[in-house]
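J.: Below are the chains, spelled out letter by letter.
There are 2 protein chains.
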Amino acid sequence: MKIGFLGTGIMGGPMAGHLIDNGHEVYVDQSHRVPDTLREKGVYLCNSAKEVARQTELIILMVPDTPDVELVLFGEDGVAGGLSDGKIVVDMSSISPVETKEFAAKINKCGCKYLDAPVSGGQVGAKTATLTIMVGGDQDTFEMVLPILKILGQNITLVGGNGDGQTCKVANQIIVALTIEAVGEALLFASKAGANPEKVREALMGGFASSKILEVHGERMITRTFAPGFRINLHQKDLNLALANARKLHIALHNTATAQELFNAVAAQGDDDLDHSAMVLALEKLAEFQIGK
Amino acid sequence: MKIGFLGTGIMGGPMAGHLIDNGHEVYVDQSHRVPDTLREKGVYLCNSAKEVARQTELIILMVPDTPDVELVLFGEDGVAGGLSDGKIVVDMSSISPVETKEFAAKINKCGCKYLDAPVSGGQVGAKTATLTIMVGGDQDTFEMVLPILKILGQNITLVGGNGDGQTCKVANQIIVALTIEAVGEALLFASKAGANPEKVREALMGGFASSKILEVHGERMITRTFAPGFRINLHQKDLNLALANARKLHIALHNTATAQELFNAVAAQGDDDLDHSAMVLALEKLAEFQIGK
Chain G
106 MKIGFLGTGI MGGPMAGHLI DNGHEVYVDQ SHRVPDTLRE KGVYLCNSAK
156 EVARQTELII LMVPDTPDVE LVLFGEDGVA GGLSDGKIVV DMSSISPVET
206 KEFAAKINKC GCKYLDAPVS GGQVGAKTAT LTIMVGGDQD TFEMVLPILK
256 ILGQNITLVG GNGDGQTCKV ANQIIVALTI EAVGEALLFA SKAGANPEKV
306 REALMGGFAS SKILEVHGER MITRTFAPGF RINLHQKDLN LALANARKLH
356 IALHNTATAQ ELFNAVAAQG DDDLDHSAMV LALEKLAEFQ IGK
Chain F
106 MKIGFLGTGI MGGPMAGHLI DNGHEVYVDQ SHRVPDTLRE KGVYLCNSAK
156 EVARQTELII LMVPDTPDVE LVLFGEDGVA GGLSDGKIVV DMSSISPVET
206 KEFAAKINKC GCKYLDAPVS GGQVGAKTAT LTIMVGGDQD TFEMVLPILK
256 ILGQNITLVG GNGDGQTCKV ANQIIVALTI EAVGEALLFA SKAGANPEKV
306 REALMGGFAS SKILEVHGER MITRTFAPGF RINLHQKDLN LALANARKLH
356 IALHNTATAQ ELFNAVAAQG DDDLDHSAMV LALEKLAEFQ IGK
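Residue numbers (my numbering), protein chains in the order written: chain G, 106 to 398; chain F, 106 to 398.
Next up, chain G with everything else stripped away, as it sits in the complex:
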């Protein structure tokens, strides 16, 4: 299948590579940096997003934020200019649910289908093709695109209509941030009270406190392994989506707000390129105490 892939960075690069490895013809926009590995695999080079859209049946986006998606889709020489009836646009970036609904409506007006399909699992998930994919769109389009998504990930769920994939991703990032804070507060408490945080983590792993975050990020806090992983500045972007949309939706997200403030505090020290488990540094700084010390 002829697939356009716009955004071939640390996530999109390996993802596009998997598509080529599985026999698809992948087209990219060479006005942005194209990784050498993709060139070596024989990626097709175009001069704009518009030309990519013209050459392909399915166009995947994997860019940082809402304005980037808007620019790639509707900017000068953007995807919209190269679309014709029956093509499919799949946005795998993590962006605003509200704007996603507007983008989908505009793409539909071009006679094309739209899926929002943000992912969780980070760089490792992209490399090992084990991403969790949360999809918003109609059932028929979902089923058409599913074989392609299966090349990229493992847990693939059609959550609902357009926007619901992005909503689900925001919910994911809320839970992950707040569980990191949960584990951080608990391990700080235990360490400061004189217990061995490694033993505490071990004791808690079997029960109701057990989570993927306690397992992976709890260990990072104890062994002080804060190389990313998933960078704090990306999580700040995601919690900003949560808090900005919560304001529009008239709901109060107390602990999401606090978690964002703690990320901000770590960023204030110049450490926003550390893994998000480094949120614990802000808790520790206030207590003038380090877990496991």
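These are calculated hints, taken from the structure and not from any lab test.
Heads up, a few of these hints could be off.
A pair counts as met if it fits within one copy or between any two copies, since identical chains are not told apart.
Unchecked claim - Distance condition first, Cα-Cα at most 20 Å in a straight line; then the derived PhoX-like pairs of lysine-lysine:
{"#": "1", "residue 1": "Lys211", "residue 2": "Lys255"}
{"#": "2", "residue 1": "Lys107", "residue 2": "Lys155"}
{"#": "3", "residue 1": "Lys232", "residue 2": "Lys304"}
{"#": "4", "residue 1": "Lys255", "residue 2": "Lys342"}
{"#": "5", "residue 1": "Lys304", "residue 2": "Lys342"}
{"#": "6", "residue 1": "Lys304", "residue 2": "Lys255"}
{"#": "7", "residue 1": "Lys353", "residue 2": "Lys390"}
{"#": "8", "residue 1": "Lys206", "residue 2": "Lys304"}
{"#": "9", "residue 1": "Lys192", "residue 2": "Lys317"}
{"#": "10", "residue 1": "Lys214", "residue 2": "Lys192"}
{"#": "11", "residue 1": "Lys155", "residue 2": "Lys342"}
{"#": "12", "residue 1": "Lys317", "residue 2": "Lys353"}
{"#": "13", "residue 1": "Lys211", "residue 2": "Lys155"}
{"#": "14", "residue 1": "Lys255", "residue 2": "Lys353"}
Assemble chain F onto chain G, guided by the hints.
T.: Just chain F now, kept in the frame of chain G:
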């Protein structure tokens, strides 16, 4: 073995029953209510905690809070008065880590050993003998008591010295409360944004947001199943231990404080006997919106 069991309520009752079922002679204080099921199993009746301690080698406590443990151990006709060299006291209640160290020291002065061994897993875990047990004390005493603990639970960890078992239990309750709030904020966000919370929960179960709480309490929030389970007023007691000890330890637990306030808000509506997943009612009330509606 002759075992004293002080506190035969909804947790202690079934636990004492398991000990009798496994061939032990269990002694209780009949000045408090003794469940009929224990009488039928042939429990031995004494007239005070002191007499229970005198008759047995190992004395287990399972009472609500720190002052209750203090009263049973050191009050009039308490355990301390019936102790003699070489006996072992095991406190399985969930109480303050700081006071636990004092209680242990006083019991040691009577020539006896002390373990703090609080549990997680609730009423169901007590009935099915699948409790998680977090132990503080010395290695030798732990190994002597381990065969008895194995009758009551499954994940049994010696966390460290006296007090560390209680510290670990507090850490457990911090994580559980904050993960409930994480799931509550995320599902409220998703529902209010128009997504189906059931689908969102399903999509998140495979990834980094997955936890025992998302699985069990997330489902409770969606299906509105707030019959306990673990009651809010018990979790309030545990977070009070967390916050009071955090103050003594000079550490700030931002989200633990907020979670307690949300429990307080539910309690203000007279609902503190609901399951702790009902914390979400406070989030919903502020938003005038119900998950899954």
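J.: Could you tell me which of the hints above the structure violates, numbers in ascending order?
T.: 1, 3, 4, 5, 9, 11, 12, 14
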